[in-house]
Amino acid sequence: MRLLFILFLVFPASLLYSQEKFSLSGTVTEGDTGETLMGVNILIPELSTGTVTNEYGYFSITLPKGEYKVRMSSLGFATENLEINLKENVKLKISLLPDSEALDEVVIESNVEKLNIQSTQMSANTLTSKTIKKIPVVLGEVDVLLSITLLPGVTSAGEGASGFNVRGGAADQNLILLDEATLYNSSHLFGFFSVFNPDAIKELTLYKGGIPARYGGRVSSVLDIYQKDGNNKNFAASGGIGLISSRLLLEGPIKKDKASYLVGGRSSYAHLFLPLFDNNNIAYFYDLNTKINYQLNENNRLFLSGYFGRDIFKISESFGNSFGNTSINLRWNHNFSDRLFSNLSLIFSDYYFGLELKFVEFEFESGIKNFNLKYDFTYYSSENLSYRFGINSIYYGFNPGKVTPTSPTSGINPAKLTDKYANENAAYIEADIKLSQRISIQPGVRFSNFNRLGQSELFVYENDSPLNYNGETGIYEKAKPIDTISSSKNKIVYTYNNLEPRLALSYVLNDDSSIKLSYNRMSQYVHLISNTSSPTPFDIYAPSGKYIKPQLADQVAVGYFQNFTNYSLEVESFYKKVQNRLDYINGADLIANNAIEQILLTGEARSYGMEILFKKNSGRLQGWLAYTLAKSEQRTPGRNANEPGINNGNWYNTSWDKTHDLAITGSYELTKSWTLASNFILQTGRPTTFPEGQYEYEGMVVPVYEARNSSRLPIFHRLDLSATYAASKKENKSFRGEWVFGIYNVYNRKNAASISFSENTDTGKNEAVRLSIFGIIPSVTYNFKF
Amino acid sequence: MKLLLKIFPVLLFVFISCEDVIDVTLNEGEIRLVIEANILVNRENGETSSYVRLTTTGPYFNNEVPVVDNATVEIIEDADVVHVFEYQDNGIYVGELYPQLNKIYELRIHYNNETYTATTQLFETSHLENVEQNNEGGFFSDAIELKVFFQDPADVRNFYYFTAVSEKGIRRDVLEDGFFDGNKIFGLYRADDLAPGDEVKFTLAGVSEQFYNYMFTLIQQTGNGGGPFETQPATVRGNIINTTDPENYPLGFFRISEISNLQYVVQ
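In order, the protein sequence lines correspond to chains B and L.
Residues in the first sequence are numbered consecutively from 1, following our numbering.
Residues in the second sequence are numbered consecutively from 787, following our numbering.
Because the hints were derived from the structure by calculation, they are not lab data.
Just to be clear, a hint being listed does not mean it is correct.
What the hints assert, rightly or not - Below, in silico cross-link-like pairs of lysine-lysine (DSS-like), each with a Cα-Cα straight-line distance of 30 Å or less:
no. : chain 1 : residue 1 : chain 2 : residue 2
1   : B       : 416       : L       : 954
2   : L       : 970       : B       : 480
3   : L       : 954       : B       : 87
4   : L       : 889       : B       : 358
5   : B       : 314       : B       : 416
6   : B       : 358       : L       : 954
Make the full structure from the sequences, and use the hints.
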């Protein structure tokens, strides 16, 4: 609280002393398309100060009256140098030209995306759509999540596993934002492809630690993805035809330089995955991205964006399944002054899961919906001080499941699992303070509040204990509810409040290196109910309440950052602890369970490690080497001394714990037309549980399992290659085509996705069966742009 | 609903994945007593079969498990009448017992100077009525599929253990009437290459909720699990305890089930 107090003291003071100064503000866009550019460095060398453009391409810096050189630079763009005579407030509209085009000209300003040494932000990685597209991928499908797993500190539970794990956290602990709307499912086809259409994406930033106060609601990471706004100069189209899917994206001005639209679609081929069966079997996915933006005047801009994605499976007449995300987002950028930037967002997002089993004659539906109102402000006080503050309110509706018989003769009764409601509110303030030439700090605090609202049936248990431990048989058993309470969904039945302090600090050692430190506390009020190694599409979210406490994470990180001429080096170390991590009793059945609390126990998780990222940012050879040495584990002790908890209360490795994780990715521009790219991945095998014996029961051979996750799958490694041929640009021809040839898993390594143990029904012998998902897979994709 | 868990991995890995048998070195756990104590009362004709099979756990890749032939086995009816079970062979002990509703039965085993006990009672079942045969069953409409129907009694919580056995394979399933209370519902049987003339024997047994949970996990663990959607496997315990040394707990279950049988010849 003292921190808040100091912030508020500094705030008006800075207003007072800023009279002698003027602000330099504006937006930076891409010259060809009018697309706003985020993260552009704006440097004032004379004062050795600067700023960066925000998510909407806006920047503002307040400087003493005077003449300045201003330098604007961004990866992939030619640096722009300006001279400004600041004797009044100045507003700029700057366009940067892409590097590749600048290369053709004689004057080349060397442009290296240097690490932002001064910025307090650490543990964050930004990838542009261009970088993502250079990475070789399975079946030629450019994939956002796959590119993220090549970064240090990011793992997944394996090939074909959905979601990703950041710094030892679980997949549901990642906040995934697409144009600020929360996505609940990030994968198509159960994890093989991510839901993001690479053509529609401008840029993404993954925050693994030092998470600023403006983000909250998940404990491990924030993946903040921004869609393109749409070309406001000319009509343009881009697309591609691949083995799995085809894409088409159209964009153009509605009103030149003022308003533009973007419509993108992607769909996989319907019969692709089930071609051998001649029935009406289909398995495909599609997604649609749309966006309209309108610059009303220099102080007001509106954005309307939408995302709709579905996976669809149908197997003959007996089985049908569809699931996916929907999000709609209306945003209003408004400059109250040159120094006060604001954004108001109204967001709806929805995750739907539907299933029809015709042969059992019923349908099942579940999902989560939320409405989110956000109002965020940035106040640029002086060249050494800026603030961000805002409020946020989310309303949740959870549908844990609804069963409907599909015929009058169905043996299944209609059933509705109780809908749940909640709201989550937050207010935050963070300040970017440059204390001296060497030291910058970013203190922040987020206050979050979660209200569980009434529902039609809430179970009450004796001693408030929804599960009991039977000491004789050593088994946790569901408790029988002694009562049910119904209350209005307008009534608050349970409340949690948390104060989440955040702090980031950077100490500049010299022009090219710095040390950074950060601490963050995060709280998470909604939990994915999942006891599989990686989430499945039918896992549901459950809100905190009487029986489920919010997860709380504390993370500290320290890092060393250095720029070399063409390289950069980031070394970080972190420690993270999560309280109230949910775990499930043995044999828990999570599906269509109306009393999840009866199978849950609460434990804790911790992870720690070291990450190295060595990057080459310029030249014909570009890419990075990422190495992580880490540990991720959890434990669930009993609630009292007589209970063993889960796994006897001992720490055990999480399913995504990988001691060593090395990823090398690079691209080499061979000629103007040919570019080669390659990935190499080497990881410790993921933890798993093997049998340590067997017994016979009821004619079955039953494995006796060892302690949870105490063995590991074999080492995982893989090499991928790709070659891209782009016809060289011809004069006066806007059409550009590109062929991408790829080979995934070049040396056909049979990496184990799992090893399962069962009795061979023919020989009667027990055996270990390795499942490997992707062998060597060649692919070819054609992309175009005009 | 747990059918879902089986469908998804199938969908997923149909084309791109590959499976092969590999050598894995496993750790070896402690040896435990395994008890399969089944008292089955036929609903239709009142015939009772009572047996207790005692074995121990063994290394996973061994072809068979050791049998226990030197234990004493008793079942005590209502803390009063003692039924002694005699050893036959292959770890099986046999005795005579005619269980009745609402009576408490205690299993008592002495083995290696330790005592193992469990109590249970008789659980009722429903009558297997008729079989419907569908020759266009399965996901791909090319398999013979049998549905065997029974009427679940209304307003009673029922748990069932269902088995279907033929030369072409065995299917085990556990059912609870949460979604079909009071309805006519079916158990499903499907096996590769099921053909006309094959004989199938269906059994529906009434069981306790604890047995339902136990068997549910066992079926999951003995099915073709694996893949990224596998659940965390763990050794589950049944209803039998070691009163001498609780840490040296046994595996297996003591159950008394009313059963309904139905024989069917595939048309």
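These are the hints, each one checked on the structure:
Proximity of residue 416 of chain B to residue 954 of chain L is assessed by CA-CA distance (about 38 Å); at most 30 Å being required, the pair is judged violated. Using a Cα cut-off of 30 Å, the hinted pair residue 970 of chain L and residue 480 of chain B holds, with the two alpha carbons roughly 27 Å apart. This hinted pair does not check out: residue 954 of chain L and residue 87 of chain B have alpha carbons roughly 91 Å apart, beyond 30 Å. Annotation: proposed proximity of residue 889 of chain L to residue 358 of chain B is violated, straight-line Cα distance about 42 Å (limit 30 Å).
Our distance criterion of 30 Å between C-alpha atoms is met by residue 314 of chain B and residue 416 of chain B, whose separation comes to about 24 Å. Taking the CA atoms of residue 358 of chain B and residue 954 of chain L, the gap is about 25 Å. The hint holds against a cut of 30 Å.
Of the hints listed earlier, those the structure fails to meet are numbers 1, 3 and 4, in rising order.
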